[in-house]
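Each chain, letter by letter, is given below.
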Amino acid sequence: MTSHAANDASTFRRSILKTPSSRGPSPASRASCSPSPFPSSPASVSPSPSPPPPCIINVVPKRVMVLEAANRGQRMQECLESPSEEKGPLSFEEQESPSPVIVVSPPIELGVSDDLVGSLGCEEETSVGLTTMTTTRPKSPFSPKKEEASNESFWDKLGTLGRKKKVKEVNEVVTEGKHAIDSPGAPFMPNMPTEDYGLQDNEERSMIAPGSNTNPRLIQLVEVLLEWLNDVLAPDRIIVRDMEEDLYDGCVLHKLIERLTGITLDNVPEVTLSEEGQRQKLQRVLRAANHILGVGGVQQYQPKWSVESIHSKNLVAILHLLVALVRHFRAPIRLPDNVVIDVIIVQMRDGILNHRRVNEKLTGVYDDLGLRHERDAFDALLDQAPDKLDVVKKSLVTFVNRQLNRINLEVQEIETEFHDGCHLCLLMGLLEGYFVPLYHIYSTPQTFDEKLHNVNAAFELMMDAGLDRPKARPEDIVNKDLKSTLRVLYNLFSKYKNLA
Amino acid sequence: MDDIFHWCREGNMLQVRMWLDDTEHDLNQGDDHGFSLLHWAAKEGQMNVVELLLSRGCRVSPTNLGDDTPLHLAAAHDHRDIVCTLLRHRAEVNKVNEHGNTALHYACFWGYENIAEDLIDADASVAIANKYGDVPLDKCKGSMAKRLHSLAVQNGQKLERVAFKDQSWLGLKTRSRDATLSRHKGINIQDLSLQLKIADTPSGEMWRGRWQNNDIVAKILRLREVTDRICRDFNDEFPKLRIFSHPNVLPVVGCCNSPPNLVVITQYLQYGSLFNVLHQSDGNIVLDTSQALKWALDITKGMAFIHSLNKIVPNLYLSSKHVMIDDDLTAKISMADAKFTFQEKGKIYSPQWFAPEALVKKQKDLNIKAADMWSFAIVLWEMATREVPFADLSPMEAGMKIATEGLRVSLPPGLSPHICKLINISMNEEPGKRPSFDMLQPILEKMCSQ
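So the protein lines, in turn, are chains A and B.
Numbering of the first sequence is given in our numbering, commencing with residue 36 and proceeding in unit increments.
Numbering of the second sequence is given in our numbering, commencing with residue 5 and proceeding in unit increments.
Simulated from the structure, these hints should not be mistaken for lab results.
Even for Gly, the Cβ is constructed at its ideal location relative to N, Cα and C.
Some hints could be false.
Stated by the list, open to error - Pulled a few chain A residues facing chain B out of the computed Cβ check, cut under 10 Å: (1) P251; (2) V432; (3) N436; (4) R441; (5) E445; (6) V446; (7) H458; (8) M463; (9) Y469; (10) V471; (11) P472; (12) Y474; (13) H475; (14) L496; (15) D499; (16) G501.
To be verified - In silico SDA-like links for lysine to any residue, alpha-carbon gap of 20 Å or less: (17) A/K506 x B/R228; (18) A/K518 x A/L424; (19) B/K349 x A/H475; (20) B/K349 x A/M498; (21) B/K366 x A/H475.
Kindly produce the complete structure, drawing on both the sequences and the hints.
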């Protein structure tokens, strides 16, 4: 398992945490710690010819990674992102330094951002052996929550929920307020040492692999979702800027669920400051969400999110939840297809942190439809014979133009020229032998809603003509989804192709 | 007895007029024995009522259960003025009742010589034998037979005896309408017997059938689905189409609201629509200018009446397809062709008859009466040229060209200048400058009489 995981994670050369006693740098692991793309010519990579310093991905939330990557410059990114390069002929003998090994115990400070960057220079002079990095380093302020947890009762945690004596309450609020001010509110500090992090044996954490952060599809997905969130939540005057930072505490999710379902969730406090309060709130909100989505029950599909994962600002979990909501409520947005990201799953086993890399699928092929329907000829066409696509498009354009030419119209681009619904309505009139009165549609639609109205009108006409309800959603047509447009046109083509 | 039959008998003009003003009342309805309002007024000699009924367009020669027409009754009861009025309205003079008697039989039998002479002058045959083999002259007393015989000879009548042939089973006579026709607007679909599918149109399937011994056409509306809401709208809207009170309006007799079937029932007319007669006729009807003018006048009267109603009939689009030709060659606006609000949304199957602005603007933003006038001009053009407007264009093409490219019918040379002028003023591009139907009516009446 270990070696396998190491192989998987070949890009993360230094992130394997091992106790030297239990396992030395075995050839397998060394081989897996494949050569860096740049150490062969140290001069060229000055001032830091050594392989990039370790970044411990398990404790570093995505944002820190980004920051780090930004600080380091693109090379780090390249190094992490391009496994193909690393599989090159370079052997590890060529490396200047032995592949680094990170020792877990005594406690190490890895994946630190600013300090680490600052220390880069000296690191070079000392040794690449990363044991040096395990020296105690200044910690940034961190929430004393954990310590408190040991000596405070459960009721203290509940804060406003527990009815207690006034004085105690006041004290509590004061301390809580202090924490709220002092701490960033996050349960996990980026610089937290591993033992504070508190991974139990066999416990797992997952996070986005650094290379996937810049995956354009992921960025697009996040953007689309943010836009959608802001659209939905506009009446509540909530503006979401950051997926993880704004959603982890459950407040926004609470509003989102209420807005989407139109019902008010009972027993969910409006504002909570304490971490425990946030968790409880999140738990209730998620329970409601799971109930709506039909997941998480005893015999149901287990969701890919949990109170823990969302509260720990796990972007993957948050995205899964949002995508599921978008699908369920058939939001009129188009999610990018096939957003697959690399996720590192770190597991504590026998006191060792192991990690493996997994492909996590956030959206599939048809997620944008909000429907899981059976694959049809168009899936096969687009997946297997994209070269034939042009032929299909061409014959559809010919078919459509044969009709539209009669009223002096012509289309060239299937993708773009049907999205406003006008052509579809006129086409139905030509095919079915009636005139579509111009007051029935917006002949020069400007807004999304006007286009949507037209496409809906066209769908009505199609259904009146005895065609099945189009499998595509009107929103998809307006969003210029090629496959949906092709489906709708093909549907017409197969019914009317013999029409004179 | 406070019903319309009683008022007709006693000549209560006020009540009769009030009753007739309700558009849902059918002036051709008959009582339990098939006596129509005109039967009673003719029998009782209520000249005012007869004239009122005729002016409202009641049928002149309906039959009761004994196959008597009002003319039979007026002749038998010595109401010469009414006989003359009926004859002026082209009552069928040689119609026989179940005994084989014509009106002349009765005039002769009762010795009403003046009436008998009027009848003979109106081509009543003296040689029709009744069931018992008697011709009218056999019924005369004294020298009256001789005088009538010479009058007939003088009028050039053929004197060969016409033997009685029982043809009542053919059902050719126009019975007074069953009063229940207008009494029951909601009709049980079980009571319909649909025999023959006549046509399949975009708005529905047309079936010929019988209902309570009446020939009817049932249109089963074509709808994708019939929701509760549609049923409710249907119930709200169809009563507005039951306009029985005008001779140039063909009412919807009743409707069946039995989801998934919504059925609109109307009287069966053998000639079909004006469109059928103009463009698909097998030559049974003589189509000359005077007939065309008469139909134009009929349509004008019907539309003027519809436009005069307080509650405007929504979605009634005038075209030759929506004008029906009755058995007596009267043109009638077919209310069954008005569209329900839930019907054919976003589709216009006959844009050729539409005013350009009606293709672009919603009904509520439209001068509907002016738009109807444009449609009337197209119908006039159709009757004048005997052509289908824009026959070579599909509806979509025609609609687009009319709405956006200024496509208009062209007036071929050789048309009557009067008709051309009429078409031109009715098709004024400015809706506000088009005439109204009641303005056209006197013009057409004048043209008809010329």
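Here's how the hints hold up against the structure:
no.	hint	in the structure
1	P251	41 Å, violated
2	V432	19 Å, violated
3	N436	14 Å, violated
4	R441	5 Å, holds
5	E445	14 Å, violated
6	V446	16 Å, violated
7	H458	12 Å, violated
8	M463	9 Å, holds
9	Y469	4 Å, holds
10	V471	6 Å, holds
11	P472	5 Å, holds
12	Y474	4 Å, holds
13	H475	4 Å, holds
14	L496	6 Å, holds
15	D499	6 Å, holds
16	G501	8 Å, holds
17	A/K506 x B/R228	18 Å, holds
18	A/K518 x A/L424	10 Å, holds
19	B/K349 x A/H475	8 Å, holds
20	B/K349 x A/M498	12 Å, holds
21	B/K366 x A/H475	8 Å, holds
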